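Q: Put together the whole structure using the sequences plus the hints.
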Amino acid sequence: MKRFLPHPVLSLALVLMWLLLTRFSLGQLLLGGAVALVAGRALATIEPEGPRIRLGALWRVVPLTAVVFADILKSNLLVARRILRGARAPSGFVRVPLRLRGPMPLAVLALILTATPGSAWMSWDEEKGELLVHVLELDGTDWPALIRDRYEAPLLEIFA
Amino acid sequence: MSGADLPLWAAVLIAALVVIGSTLTLIGALGLLSLRSFYDRLHAPALGASWGTGAVILASMALFSLQGGTLQLHEIIIGVFVMVTTPVATMILGRAALTRDVADGLIAAPGSEPGSETGGDQSPPA
Chain A
83 MKRFLPHPVL SLALVLMWLL LTRFSLGQLL LGGAVALVAG RALATIEPEG PRIRLGALWR
143 VVPLTAVVFA DILKSNLLVA RRILRGARAP SGFVRVPLRL RGPMPLAVLA LILTATPGSA
203 WMSWDEEKGE LLVHVLELDG TDWPALIRDR YEAPLLEIFA
Chain B
11 MSGADLPLWA AVLIAALVVI GSTLTLIGAL GLLSLRSFYD RLHAPALGAS WGTGAVILAS
71 MALFSLQGGT LQLHEIIIGV FVMVTTPVAT MILGRAALTR DVADGLIAAP GSEPGSETGG
131 DQSPPA
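So the protein lines, in turn, are chains A and B.
Residues 83 to 242 (my numbering) are what the first sequence spells out, left to right.
Residues 11 to 136 (my numbering) are what the second sequence spells out, left to right.
In case anyone wonders, no lab produced these hints; they're calculated from the structure.
You may find that some hints are simply not true.
[As the list claims (entries may be wrong)] 20 Å max Cα-Cα, derived SDA-like pairs, lysine to any residue:
no. : chain 1 : residue 1 : chain 2 : residue 2
1   : A       : K156      : B       : L27
2   : A       : K156      : B       : T33
3   : A       : K156      : B       : F74
4   : A       : K156      : B       : I67
5   : A       : K210      : A       : K156
6   : A       : K156      : A       : P185
7   : A       : K156      : A       : P145
8   : A       : K210      : A       : P185
9   : A       : K156      : B       : G89
10  : A       : K156      : B       : A113
11  : A       : K156      : B       : A39
Computed from a prediction, not measured in an experiment: that's the story for all the values here.
A: Here it is in structure tokens:
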């Protein structure tokens, strides 16, 4: 299994993308599946170890996605108001110590933070395990706690 | 591509989504002009990349699904790619600005001294 399908998540995503881009049919499913298998094995020659994912905690992706989408919407409105009506709170940097490690989980966290307009990933200190985030509206929200509880906790469970 | 064959509720919904998406993108562009520091401006385009794109994609999916009678989902791929690739540019720009500002002494390295959590209000060098 591991040799045949070294990157199951990547291969699955490629099959889904293939089927979305073409018309859904058995032929396209087989063709897309073949492409996904070859691409997975090709990546395995560069990157032998994929991210380790706990299948038992995979359901947490659903509430995490919902939370992220709601947060993105909320922060869109916040940022839009700041641009149109002026600043209500200063912007600034926030340091967030994280327990999360590994390129893949951190990449997902970076994606979440950057997709949310009010916060932007600045830099990551690998030695200290500390993340530097720029926040547009420092209105007293406890950003380190927010990032830890809302995003880091589910990610810690999903990635082994 | 006329909207004449769409029911009214669908036309209103799709039009509203397009207007919301393009308005958010426009506000993001305005923010790029009006926000004061470089780090603040870094946040503005995220409006267009998140729900700006999202609302327009939803409108497109709804329009072509209702017109064609089959579910059209391939717009999702556009959304996924926009969402996955935007952080790359934002992180490169942010880190470049931070490195330069710290090197120029405009901002104390934010990671080095505990307690100092501001610094974003300082203007970048001209």
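Q: Determine for every hint whether it applies to the structure shown.
A: Each hint, compared with the structure:
1. A:K156 x B:L27: Distance ~16 Å between K156 of chain A and L27 of chain B Cα, so the pair holds.
2. A:K156 x B:T33: 16 Å, holds
3. A:K156 x B:F74: 28 Å, violated
4. A:K156 x B:I67: 19 Å, holds
5. A:K210 x A:K156: 31 Å, violated
6. A:K156 x A:P185: 28 Å, violated
7. A:K156 x A:P145: 16 Å, holds
8. A:K210 x A:P185: 15 Å, holds
9. A:K156 x B:G89: 18 Å, holds
10. A:K156 x B:A113: 35 Å, violated
11. A:K156 x B:A39: 19 Å, holds
The structure is inconsistent with the numbered hints 3, 5, 6, 10, although it conforms to all the rest.
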